[in-house]
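Use these hints to put chains W and S onto chain Z, whose structure you have.
Each protein sequence line maps, in turn, to chains Z, W and S. At position 136 of the first sequence (counting the first as 1) the number is 136 in our numbering, and the numbers step up by one without a gap. At position 58 of the second sequence (counting the first as 1) the number is 58 in our numbering, and the numbers step up by one without a gap. At position 165 of the third sequence (counting the first as 1) the number is 165 in our numbering, and the numbers step up by one without a gap.
The reader is advised that the hints may include incorrect statements.
Copies of the same chain look alike in the list, so a pair counts if it fits in one copy or across any two.
DSSO-like, lysine-lysine: derived pairs with alpha carbons at most 30 Å apart [stated by the list, open to error]: (1) Lys85 to Lys186; (2) Lys186 to Lys76; (3) Lys85 to Lys164; (4) Lys164 to Lys76; (5) Lys195 to Lys164; (6) Lys164 to Lys56.
Think of the hints as simulated: they come from the structure by calculation, not from any bench. Just so you know, these numbers come straight off a predicted model, no measurement behind them.
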Amino acid sequence: MPQQTSDIKIIVLVFLFMITLFPNLFHYIWTLPLSLIFSRSPPLADSTPIMSWAQKQITLQEQSRGSYLVTDEIVKALPEIRNYKVGLLNLFIQHTSCALSLNENWDEDVRADMSDALDRIAPEYLVKGKELYRHSAEGADDMPAHIKSALIGASVTIPIQNGKLATGTWQGIWYLEFRARPHQRKIMATIQGEKYT
Amino acid sequence: MPQQTSDIKIIVLVFLFMITLFPNLFHYIWTLPLSLIFSRSPPLADSTPIMSWAQKQITLQEQSRGSYLVTDEIVKALPEIRNYKVGLLNLFIQHTSCALSLNENWDEDVRADMSDALDRIAPEYLVKGKELYRHSAEGADDMPAHIKSALIGASVTIPIQNGKLATGTWQGIWYLEFRARPHQRKIMATIQGEKYT
Amino acid sequence: MPQQTSDIKIIVLVFLFMITLFPNLFHYIWTLPLSLIFSRSPPLADSTPIMSWAQKQITLQEQSRGSYLVTDEIVKALPEIRNYKVGLLNLFIQHTSCALSLNENWDEDVRADMSDALDRIAPEYLVKGKELYRHSAEGADDMPAHIKSALIGASVTIPIQNGKLATGTWQGIWYLEFRARPHQRKIMATIQGEKYT
Chain Z
1 MPQQTSDIKI
11 IVLVFLFMIT
21 LFPNLFHYIW
31 TLPLSLIFSR
41 SPPLADSTPI
51 MSWAQKQITL
61 QEQSRGSYLV
71 TDEIVKALPE
81 IRNYKVGLLN
91 LFIQHTSCAL
101 SLNENWDEDV
111 RADMSDALDR
121 IAPEYLVKGK
131 ELYRHSAEGA
141 DDMPAHIKSA
151 LIGASVTIPI
161 QNGKLATGTW
171 QGIWYLEFRA
181 RPHQRKIMAT
191 IQGEKYT
Chain W
1 MPQQTSDIKI
11 IVLVFLFMIT
21 LFPNLFHYIW
31 TLPLSLIFSR
41 SPPLADSTPI
51 MSWAQKQITL
61 QEQSRGSYLV
71 TDEIVKALPE
81 IRNYKVGLLN
91 LFIQHTSCAL
101 SLNENWDEDV
111 RADMSDALDR
121 IAPEYLVKGK
131 ELYRHSAEGA
141 DDMPAHIKSA
151 LIGASVTIPI
161 QNGKLATGTW
171 QGIWYLEFRA
181 RPHQRKIMAT
191 IQGEKYT
Chain S
1 MPQQTSDIKI
11 IVLVFLFMIT
21 LFPNLFHYIW
31 TLPLSLIFSR
41 SPPLADSTPI
51 MSWAQKQITL
61 QEQSRGSYLV
71 TDEIVKALPE
81 IRNYKVGLLN
91 LFIQHTSCAL
101 SLNENWDEDV
111 RADMSDALDR
121 IAPEYLVKGK
131 ELYRHSAEGA
141 DDMPAHIKSA
151 LIGASVTIPI
161 QNGKLATGTW
171 QGIWYLEFRA
181 RPHQRKIMAT
191 IQGEKYT
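Bound conformation, chain Z alone (with noise of 0.2 Å):
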């Protein structure tokens, strides 16, 4: 009889040993009888939405006075895009004479149009010869280049959609250099938004 009660002491604490270190294991074979008739909820950790944030700078290719398409050099640069269901994406060029914006993604017609177009709302010169700006010393065509910068805009915002810009058919996204001699740009891109689990 004593040698059986060691033994049933000795089962008893191996037990308690067991589901003192091995709580989640006790726990997975206490409940799965119920877990058996009850369908769970799926864990927490899946249905939480990651939320995330990415940001990059990105050197374009230099170029002098004109408009670019610059959508697939944009979208080649940032392959984390793939990566988020639902977002947006922010190009913020860091210079004031030249612009970012989003147009037509076809006809080069359309762009060499733009430039002269804006060429005629902020001209170099007064067309009786007068001189229409205070800034001049970095070239005559550098403040037209600040006023088309403020007019177009120094940033694009994109929505993100299944991992793809939610752009339009025809649209794409273009740099404009309103500088004549050719200059080399910098976006900085910021991606946010929620990732696929």
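Then chains W and S, alone, in the frame of chain Z:
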């Protein structure tokens, strides 16, 4: 004596079982006197902000050339705004010959004047009748529409505060249609922010 | 012998109590040899990004017609920017006859030239004195102000990187006042991003 010892052992083992199987209950009883003395901070789960995204496409009522106040139409289509304590609404028009802007929400004369002013800034023809644009296959109003679209912009970003758009008293959301012929336009609306818990 | 057995039992019970009441301490001691051999990944709590929003209204210094560099005024009003590793700042002016932009931050001649250039783009009167606008009850400078506001825009979105605005060397935040009479304007500033942990 041996019998008494056995009783104590059983009580201790039952007690241990209870601790092991219901640790939360045990912790509650164990810390009850202290928690009654000290006020407890709210549990972490309640204070964690709920970050969220919502996105949907809105089809605007078909319109020909003109400036239109669409605040009510947009807000009605986005009841989700009410759920956000703080956030941003991005409205992105998926076309290149119309635009979105914010401007005066009262006098319709302002909207008529705006359309006329943009016609002066990006005219269809020169005063002397000389062709202004290379791109003219889609009509004389198409290239001016692209220019106006670049000047005004394809999107607006509006702050959300306490479940409402934080626009000023006289600010409304404008849809500017630059084509003469009626067009049906699509907006991608992206809401993001911190929801009410 | 019986006495010895009892001693062992007491040690085992104390040990069990310790495990049950201080499971974290026990786990630490238990896994110490392994954790000394294998380098551990950082605990989950530290690696989860802290997503955050901050929003406040800023009242700009009262100004009459002109272009004003307000970078210092804005940054001083938003010390929260320092807390964000990556993010975006949205500045939204709650009025329709002024604007926000980004432009040259050095030469004040650029700002004077900008105001004059916008007067040429959206003039108060035609050269021949013909009335240009239907909407004139609030003064000859009001409708041109609405046009300039639509052209420049009511808001800017600026990337945040490592606790600072990621603007280019020559970029500053501009407030453009289009009304002749001094006005006090309000900006809704919305910061969002991933905070330092």
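Here's how the hints hold up against the structure:
1. Lys85 to Lys186: both (27 Å within a copy, 20 Å between copies)
2. Lys186 to Lys76: both (15 Å within a copy, 26 Å between copies)
3. Lys85 to Lys164: For Lys85 and Lys164, both the intra-copy (8 Å) and inter-copy (25 Å) Cα distances are at most 30 Å.
4. Lys164 to Lys76: Close inside one copy (12 Å) and across copies (27 Å); limit 30 Å.
5. Lys195 to Lys164: both (12 Å within a copy, 25 Å between copies)
6. Lys164 to Lys56: both (18 Å within a copy, 15 Å between copies)
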